Amino acid sequence: HVASSLPLPPERDHLRPRIDMIVFMIDIKSKYSFRNVEASLAYVDASFFLGKVCFLVTGVGRVNCCSIETNAICKLGATYCSPVLFCELELEGIRVATAQRLLRMLQICAGHIPGVSALSFVSLIRNSDDD
Amino acid sequence: MDETVAEYIRRTVLKIPRDEIKMMLQKWGFLSEAQLQTLNFHQIKDNISQEVVQLCEENSADIKQAAVLDIIYNHIYQNKRMWRVYQMKKSGEELEYFDLTDFKKKFKGRLRSALKNVTITFREYEDNAIWIRVAWGTPYKKPNQYKASYVVYHSQTPYVFISASVLKSNLPLLCQALIFASNYHDIREMELRSHSLNSLKDIVFKRYSQNFQTYYPKPLQEGNVEPESGDLRIVQENRSEKERIQRLNREAFADGPQPKLEFAQYRLETMFKSDPRLGVLEKKEPFRCLVKFSSPHLLESLKSLTAAGMADAPLSPLLTCIPQQARNYFKIREKKSLFPEGFVSP
Numbered sequence: 173h174v175a176s177s178l179p180l181p182p183e184r185d186h187l188r189p190r191i192d193m194i195v196f197m198i199d200i201k202s203k204y205s206f207r208n209v210e211a212s213l214a215y216v217d218a219s220f221f222l223g224k225v226c227f228l229v230t231g232v233g234r235v236n237c238c239s240i241e242t243n244a245i246c247k248l249g250a251t252y253c254s255p256v257l258f259c260e261l262e263l264e265g266i267r268v269a270t271a272q273r274l275l276r277m278l279q280i281c282a283g284h285i286p287g288v289s290a291l292s293f294v295s296l297i298r299n300s301d302d303d
Numbered sequence: 018m019d020e021t022v023a024e025y026i027r028r029t030v031l032k033i034p035r036d037e038i039k040m041m042l043q044k045w046g047f048l049s050e051a052q053l054q055t056l057n058f059h060q061i062k063d064n065i066s067q068e069v070v071q072l073c074e075e076n077s078a079d080i081k082q083a084a085v086l087d088i089i090y091n092h093i094y095q096n097k098r099m100w101r102v103y104q105m106k107k108s109g110e111e112l113e114y115f116d117l118t119d120f121k122k123k124f125k126g127r128l129r130s131a132l133k134n135v136t137i138t139f140r141e142y143e144d145n146a147i148w149i150r151v152a153w154g155t156p157y158k159k160p161n162q163y164k165a166s167y168v169v170y171h172s173q174t175p176y177v178f179i180s181a182s183v184l185k186s187n188l189p190l191l192c193q194a195l196i197f198a199s200n201y202h203d204i205r206e207m208e209l210r211s212h213s214l215n216s217l218k219d220i221v222f223k224r225y226s227q228n229f230q231t232y233y234p235k236p237l238q239e240g241n242v243e244p245e246s247g248d249l250r251i252v253q254e255n256r257s258e259k260e261r262i263q264r265l266n267r268e269a270f271a272d273g274p275q276p277k278l279e280f281a282q283y284r285l286e287t288m289f290k291s292d293p294r295l296g297v298l299e300k301k302e303p304f305r306c307l308v309k310f311s312s313p314h315l316l317e318s319l320k321s322l323t324a325a326g327m328a329d330a331p332l333s334p335l336l337t338c339i340p341q342q343a344r345n346y347f348k349i350r351e352k353k354s355l356f357p358e359g360f361v362s363p
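Residue numbers (the working numbering), protein chains in the order written: chain A, 173 to 303; chain B, 18 to 363.
So that you can see chain A by itself, here it is in the shape it has in the complex:
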């Protein structure tokens, strides 16, 4: 399901399946997208932040057009205890690799991987980040 901001429109509530993972996409070229994500985070139930939220930063390939500082994004990730992925959608290889990563994370969040929970997976990532 693709949405431009949260909260989701109530008229579609009855059509929506269970939400296993939320990926917030931030376009590093647009401050507006960052603010939009910050505002939308307020509408997410706290339980999602136990490994079911991920930040995806796009547009990192165009170095000259960056409008948001990486620090600000990493701080956001730390505040909400969620991983931050960086990618460039315009390059097919990276696009496919990122999609595969997200799919893997989704499988874990949905409980399809026995023995790995969303929370354990996220703490695994965070520990390696701190290194």
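Errors might be hidden in some of the hints.
Under the rule of at most 30 Å between Cα atoms (straight-line distance), these lysine-lysine pairs were calculated in the BS3-like manner [claimed, not checked]:
hint, chain 1, residue 1, chain 2, residue 2
1, B, LYS32, B, LYS107
2, B, LYS32, B, LYS62
3, B, LYS309, B, LYS259
4, B, LYS107, B, LYS223
5, A, LYS203, B, LYS309
6, A, LYS203, B, LYS259
7, B, LYS164, B, LYS106
8, B, LYS159, B, LYS133
9, B, LYS122, B, LYS81
10, B, LYS309, A, LYS201
11, B, LYS121, B, LYS164
12, B, LYS223, B, LYS133
13, B, LYS259, A, LYS201
14, A, LYS203, B, LYS290
15, B, LYS121, B, LYS106
Don't read these hints as lab results, they were simulated from the structure. All of these numbers come straight from a predicted model, not from anything done at the bench.
Fit chain B to the supplied structure of chain A, relying on the hints for placement.
Frame of chain A; chain B shown alone:
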């Protein structure tokens, strides 16, 4: 043949991309087909131009013919120049029959009586466009062929498109000659400029696709939100919002391709509005500020702003009114209390 003419022809040929030289010389028609056959178009341009000059020497070219070649070049590469639009006004309602010969005679006469040293060249094209090239001199100097002005006039319309040379002082004279020759009584510059001459024509002749108010009893089915690649697994949560944006966009811009403009400039002379407690700018003077939007294709990029999520829909009417008002340079003053709108002044 005059040295200066030879040099001018040589430089004009050098401007032309190598693959186009033959075609342009053929259009020019000054060199015979036989002479053109003798030219080797596969060598470097320097040599080609030298050979062309030699052939012109054989035919005794003068500045008049050289000027025609220049007009042809500028007609094909019209988008390299910056064009301004002027509108002429008639005093009465009489629709006089337009006589081309009369126009040319009057135009030349008027210019020459004011300035002896001018080179004036005319060329007509199929779309009723009359191209005029004027090279300006002074009473003591011969005309500078490298800084000529170009005028495009569609005789059935009151519009003139001018790409003036750097010497702005000749502009009033040019305008005078134009209104005299075409039997108008006044001319004013519109606040409309662009490199794309055809787009300027599209705007003033209203040839671009416009959105007309029509009443649809049911919303149109054909305008789908996204040209879905058929992937039904992607669900758009904000479909109604996207449709609203698309509808507003369509109302503002219509469906067809937009005329090509490179800038929109807004000169603001408005009061600074802030929290009075901050005490900023206590002097009640208008704040002067210039806002300029530039883009390779301004209107198309404005059209895609809301769909791309970069601006809220509906877009400001200051941006969407550009083709309808036929202007891309605006002066914005404070709203006067007497008039609720109409704050955009000419």
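Structure-based check of all given hints:
1. B:LYS32 x B:LYS107: Roughly 40 Å separates the two Cα atoms, so the pair is violated.
2. B:LYS32 x B:LYS62: holds, 9 Å
3. B:LYS309 x B:LYS259: holds, 28 Å
4. B:LYS107 x B:LYS223: Between B:LYS107 and B:LYS223 the Cα gap is close to 20 Å, so the pair holds against 30 Å.
5. A:LYS203 x B:LYS309: holds, 20 Å
6. A:LYS203 x B:LYS259: Distance of about 21 Å is within 30 Å: holds.
7. B:LYS164 x B:LYS106: The given pair, whose Cα atoms are some 28 Å apart, holds under the 30 Å limit.
8. B:LYS159 x B:LYS133: Within the cut-off at roughly 9 Å; holds.
9. B:LYS122 x B:LYS81: With Cα atoms ~16 Å apart, B:LYS122 and B:LYS81 stay inside 30 Å; holds.
10. B:LYS309 x A:LYS201: Distance of about 20 Å is within 30 Å: holds.
11. B:LYS121 x B:LYS164: Distance ~21 Å between B:LYS121 and B:LYS164 Cα, so the pair holds.
12. B:LYS223 x B:LYS133: Not OK: B:LYS223 and B:LYS133 at ~39 Å, beyond 30 Å, violated.
13. B:LYS259 x A:LYS201: holds, 22 Å
14. A:LYS203 x B:LYS290: holds, 24 Å
15. B:LYS121 x B:LYS106: holds, 19 Å
Violated hints for the displayed structure, listed by number in ascending order: 1, 12.
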